[in-house]
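S.K.: Letter by letter, the chains look like this.
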Amino acid sequence: MQSLLKFGTLLAQSRWARILPVLLALCAWQLLALQLQSKTLPPPSAVLSILWQELYGGDLLFHLGMTLVRVAISFGAAMLLGVALGILMGHSNTWDRLLDAFLILALNIPALVTIILCYIWFGLSEAAAVIAVTVNKIPMVAISLREGARAVDKKLLQVAQVYRLSRRDTFFKVYLPQLTPYLFGSARNGLSIIWKIVLVVELLGRSNGVGFQIGSFFHFFDITGILAYTLAFSLVIFGVEALLLRPLETHLNRWRA
Amino acid sequence: MTVLSVAIRKKIYANDCCAIENLTFTAQPGEFVAIVGPSGAGKTTLLNLIAGLDTEMEGSISFHTGQERRAHPRTSFMFQEPRLLPWLTVQQNLELVLTPQQRAHPTTPVPDLLAQVGLTGCAALFPGQLSGGMQRRVALLRAFIIEPTLLLMDEPFQSLDAPTADQLRVLLQGLWQRTHPTVLFVTHSLREAISLADRILFLSGQPSRVILDLPVDLAHPRSIEDLSVQKLHESLMGQHPQLLAGQLTPSQERSTHARSTA
Chain A
1 MQSLLKFGTL
11 LAQSRWARIL
21 PVLLALCAWQ
31 LLALQLQSKT
41 LPPPSAVLSI
51 LWQELYGGDL
61 LFHLGMTLVR
71 VAISFGAAML
81 LGVALGILMG
91 HSNTWDRLLD
101 AFLILALNIP
111 ALVTIILCYI
121 WFGLSEAAAV
131 IAVTVNKIPM
141 VAISLREGAR
151 AVDKKLLQVA
161 QVYRLSRRDT
171 FFKVYLPQLT
181 PYLFGSARNG
191 LSIIWKIVLV
201 VELLGRSNGV
211 GFQIGSFFHF
221 FDITGILAYT
231 LAFSLVIFGV
241 EALLLRPLET
251 HLNRWRA
Chain B
1001 MTVLSVAIRK
1011 KIYANDCCAI
1021 ENLTFTAQPG
1031 EFVAIVGPSG
1041 AGKTTLLNLI
1051 AGLDTEMEGS
1061 ISFHTGQERR
1071 AHPRTSFMFQ
1081 EPRLLPWLTV
1091 QQNLELVLTP
1101 QQRAHPTTPV
1111 PDLLAQVGLT
1121 GCAALFPGQL
1131 SGGMQRRVAL
1141 LRAFIIEPTL
1151 LLMDEPFQSL
1161 DAPTADQLRV
1171 LLQGLWQRTH
1181 PTVLFVTHSL
1191 REAISLADRI
1201 LFLSGQPSRV
1211 ILDLPVDLAH
1221 PRSIEDLSVQ
1231 KLHESLMGQH
1241 PQLLAGQLTP
1251 SQERSTHARS
1261 TA
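As they're listed, the protein sequences go chains A and B. Per the working numbering, the first sequence runs over residues 1 to 257. Per the working numbering, the second sequence runs over residues 1001 to 1262.
Simulated from the structure, these hints should not be mistaken for lab results. There's no promise every hint is true.
Stated by the list, open to error - With a straight-line Cα cutoff of 35 Å, these simulated DSBU-like cross-link-like pairs (lysine-lysine) come out: (1) Lys155/A - Lys173/A; (2) Lys39/A - Lys196/A; (3) Lys154/A - Lys1010/B; (4) Lys154/A - Lys173/A; (5) Lys1010/B - Lys155/A.
Next comes chain A alone, as it looks inside the complex:
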C-alpha cells in the first residue's frame, strides 16, 4: 500500500501526470465503444483515423485555418476594445456610471441574438461574422478589466507622478503590469468562449470553417466526423496554451518567485 502511495507521488511529479489520466480515459472510452457497438458512440481509434484522413486527404486544414483566422481577429479586437473600455470604466466613476447599464445589457444579450442581428444588418459577410463574435466578447473582457483597474495601487501611481514618468512609461511599466492577472484571465476565457461563438456564426451563415463542417456532418449524422474536428481544434488550443500563454505568463510572473 505504502509503495503504491509512493508510486503515486512520484507519478504526480513527473511529466506523465498530465498525460496518463487522458490515456486512461481514452482506454475506457475505447473499451466502452467496443462493448456497445453503437453508431452514436464511435471508438477513439475511429475518430483518430478520420482525423488522419481529413488531415491528409480532406479539407480539415482549410476549414480549421478559416476558423482560426476568425478566432484570431475577433479575439484581438475584443481584447483591445474590452481592455480599453474596462480601464476607462475602472478609472473614471463618471464613465462607469454612464456605461454601466449598457455593459450589463451587452453582457446578457444571448450570443445568438447578436449573431442573427449582425447577419441581418450587415449581410451574410465575413465582417458581420467577426463583428458578431467581437461584440459578444467585449463586455466580458471589460467587466474583468474594470475590476483590475479598480484594484490598481494608487501608491505606485503617486511614485510615477512624483518622478514625472512619461505617460507611456506610466502606462506600460506602472499601470499595465498590475492588470496582468486580469489580462490572462480574460485571454483564457476569451479564447474558449470565442471559438464556441465562431462555430455558431459559421454554422448559421458561412460556407467554410469548422462550424460549417460540423453542420454538414450533423446532416449526415456523422458523429465520428464531428468528434474528429473537435479533437483537431482542442489540439490547437492545447498548443496555444502550452507554447504561448503559459511561457508568457511564466515570463511576466518571474518576479513573484
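Please build the complex by placing chain B on the supplied structure of chain A, with the hints as guidance.
M.R.: This is chain B only, laid out in the frame that chain A set:
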C-alpha cells in the same frame, strides 16, 4: 538656487476635518529641515501638497529664485514604504525615473551607484528578493539618482530595526552632502530629527501649524548616539515636556524661536 515658501491658510480633508491651518515656513536652498509632530498632524498631507500629489487647499506653495517665481523644481519623494515596482529589477527601477537622455548617457553606471550604497551585485534582482533595509537603500538611491532640487521624505526609516535605520541615516547624510538638495524630512522621532537636520519645525495637533522653529547648530555628520544630540534632546524635553504631543508648555505658547543651547 530655489527657495521653497509654504503658506497654507487651510487644508480640509474630504470628511470636513480641518487638517492644516495657517501653516507657514520657508526652506532655504540646500537646507535639511525636519518636521516633527504628533501622529495625525497632517505631516503626510503637507508633503503631498508640496509634492503636488494633492492640490486642493487654500494658500500657496511656491518656489523662488531671488524675486523670480519658478516652476515646480525637480522633486524626489521617499515614502513610508519603499514603493519600488515589484515587477522591475533593481536596475530597471532606478532607470525608470531617469530622463531618456540620462538613461542613454548615465554619469555613473547604475551598478557602480549600487556598489556605493552597499548593494553590489543586486542590479538584476527583483525587490521581492531583497530585505526591507535593502529595499530602502534602493528607494533612497532612486530619490537621489535624479539629482533633485527638493527631496521630500515621509518617515522613510520607520519600521526598521535600529542598526539598519542607523546605516541608512549615515547613507542619507553622505548622499545629501554630495548634492545638497533641500530636504523636508518628516519624522515622529525627535532624536532622528536632531541627528539629521539643520532646522526642526514642530507641528501642533490638528489643525496643524508650526509651534516651534528650532535651528540645530551641530556639525554634520552626526549620529543618533552622539552626546551633543542626546544633550539637545534632553534640554528640549526638559523645556517643553509636551512638545511631541504638539504643545509648547501652556504659559510659553507662542513665545517662539527658542534657540538651541547645545
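S.K.: Would the pair lysine 1010/B and lysine 155/A pass a check requiring their Cα atoms to be no farther apart than 35 Å?
M.R.: 24 Å, holds
S.K.: So if I understand the rule, the pair passes when the alpha-carbon distance is 35 Å or less; does lysine 155/A with lysine 173/A pass?
M.R.: 14 Å, holds
S.K.: Holds or violated: lysine 154/A and lysine 1010/B, Cα atoms, limit 35 Å.
M.R.: 25 Å, holds
S.K.: Taken at face value, is the distance from the CA of lysine 196/A to the CA of lysine 39/A at most 35 Å?
M.R.: Judged against 35 Å, a Cα distance of about 26 Å means the pair holds.
S.K.: Hint check: lysine 154/A vs lysine 173/A, CA-CA at most 35 Å. Holds or violated?
M.R.: Given pair lysine 154/A, lysine 173/A holds - Cα atoms ~14 Å apart, limit 35 Å.
Checked against the numbered hints given earlier, this structure breaks none of them.
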